[in-house]
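Chemist: Given the coordinates of chain G, assemble chain D onto it according to the supplied hints.
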Amino acid sequence: MSSRERILGRVERALADVPRDDTPYDQAFARGYLREHGDRSVEQTVELLAENLADYRAIVHRTDPEELPYLIMRLLAQRGPQYVLVPPGLPPEWMSAADPTRVHDRAVSTPHELDKVESVVTGCAIAIAETGTIVLDGGPDQGRRRITLVPDHHICVVRVPDQVVSSVPQALQRLDPTRPLTWISGPSATSDIELDRVEGVHGPRTLEVVLVSGQASAEVNS
Amino acid sequence: MSGTFVGMPAFPPPVYPAFPVAAHEAVNNQTLRGNLRHATHTIRAKRAKAVAELSDWAALREAGKQIKDHTLRHLDRYLLQLEESVTAAGGIVHWAADADEANRIVTQLVQETGESEVVKVKSMATQEIGLNEALEAAGIRAYETDLAELIVQLGKDRPSHILVPAIHRNRGEIREIFVREMSEWGRPAPEGLTDSPAELAEAARLHLREKFLRAKVGISGANFMVADTGTLVVVESEGNGRMCLTLPETLISVVGIEKIVPTWQDLEVFLQTLPRSSTAERMNPYTSTWTGTTDGDGPRTFHLVLLDNGRTDTLADEVGRQALRCIRCSACLNVCPVYERAGGHAYGSVYPGPIGAILSPQLRGTASEIDASLPYASSLCGACYEVCPVAIDIPEVLVHLRERVVEGGPVTREGNKVVLQPAKGHAAERAAMRAARWTFTHPGALRTGQRLASRTRRFHPRTLPGPGKAWSGTRDLPAVPAEPFRDWWQRTNGGKDEAK
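Sequence lines, in order, name chains G and D.
Start counting the first sequence at 1; every next residue gets the next number (the working numbering).
Start counting the second sequence at 1001; every next residue gets the next number (the working numbering).
A portion of the hints provided could be inaccurate.
[To be verified] With a cut-off of at most 27 Å between alpha-carbon atoms, the simulated DSSO-like pairs for lysine-lysine come out as follows: (1) K1211/D / K116/G; (2) K1496/D / K1424/D; (3) K116/G / K1216/D.
Worth flagging that the hints you see were computed from the coordinates, not collected in a lab.
Bound-form chain G, shown alone (with noise of 0.2 Å):
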């Protein structure tokens, strides 16, 4: 007898009080929890997900499309990288200000090479507001999940109110389980010593933010 066989026979004689016709699953359990939590308009979902961010230590910027290159611009000066590193489908008018030389992600090849770059620029998938999360798809302007990781500092620029959702239940609804899916909230961190929250491990320990607001996305999207 395989293992197989043997963990199922042993489930089957495990559950033999449980009948036969058993509540099936879309009557098992009533799902009496909120779809999401407060009554909000969606600028304050918006204020809600910047002060979450800002709360676990991800730094948050608003702006909007014309100014967008600018502030990516500023924000890598800060850091002053000499390569930053770009998902194959990023508009290419975010980065069109950016002085450090662009590192296109597929020409990474091994972890050590990504290791050397400092900076990170992606899009995202979608963000939650009452979690201050965002989340990564591996959509063209997000790349491979190794690229977030590796280098230290993550600047991710969200869509808003287009790519908000309030809360955990809306953003699973939204989101293909068939993709390799990173939620992010905040820099890594860690809780190990102490029980005490410590930001920065081994994830970015910079995460910033960027909400653009605006009717604009369209055209950067195209």
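Modeler: Using the frame of chain G, we list chain D on its own:
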């Protein structure tokens, strides 16, 4: 090579003393008690605040309980569905009936890659099966990458908490371990390292980075597996999880069969309740989800090892099976008055605290001294049940397991139904209970006995003699009133004539 010891010695399996013996030693350790008190009190207040932010917490808790219960009641079906969806997404599924089989499978998978070292994400399942020791025996070095696991590994120590395995260490001790041991394992600790948590975290970052960058094989557990999509979820804080899940070419995940949820939507409950219950955050810094393999992004090969190791035996117990709802948040440890004083090591298992007291004796059986004593490692105050995000009634299971230890009876071990003999050390308890039953069913004898006890109350000892000595060693004997209640009731006409 020195410093080959990795975590807990598992060959042969360690023998732990009974809980009261280990706890007695632990409570005399002032440093340990100070460390635990500080850490658990810090997190308690924060958790309460994070939970209070959600007005629908009770509904989320109830939904979490129901989703897990439903899954467990149909576990065979969901396991098959998961296997199918993981396979369809490009993963390879293995089944392991016990720890040895899981260790053999993983060892062989690593050997097939030709590698002799692996990086590990913190995982309770791999601790439970002693994977690091099994790999070590095969000449494969496993590097723990979670900060607390690193502290435990470098300190040649045992984990003492589910979420923060090094909770028994304070910052000064951690600094000392880093300075002394890091050079044995790779990059030494930075010169002039102080005990500031930020500097200690930085030292870990530097020490582990070279290991992440060269790693070809990663080993993880998972917090959740989604049956309908084949998605695995790892919830973490530091980014070591992301490193291990995305940089290596091969990923091996060892996951207990109870970690399934039916659908993607079900995650909406647990991704709200888990972070707030464990680290008291609205959301933990990083959550990774992956479904099989993705071309050009992350590992090219993904193995999932589904682990039983006593879980189906636990499932067979209609009262005890609720322990399988556990999502390993460790909120119950942080509020437990016994854990706070005894510390995690006294529980003789990778699962300490209240959840460990009901999980270990079910996963391992109650044959050993430690496992037979764990159901008693509680004052039954119920604080653990209050905070549990999947509403496991831990006191109920504790009492149920106490009964099993004392009375014996039918249980399932390794899939077989067996009848347990009553445990040896409880003869006096059984005799006392039998006597009580007889007395309470013979009112005449009860009345005579009560009157006799009242009249002789001046001569009662403060502690019990003989077999009752241990019991009264930590408890005061109740004072006997001058007059039995029933006599008082009759004399005063139910209290109405009391004033007379």
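Chemist: With the threshold set at 27 Å, check whether the alpha-carbon distance from K116/G to K1216/D stays at or below it.
Modeler: holds, 19 Å
Chemist: Is the Cα-Cα distance between K1496/D and K1424/D 27 Å or less?
Modeler: violated, 49 Å
Chemist: So if I understand the rule, the pair passes when the alpha-carbon distance is 27 Å or less; does K1211/D with K116/G pass?
Modeler: Within the cut-off at roughly 16 Å; holds.
Checked against the numbered hints above, the structure violates only hint 2.
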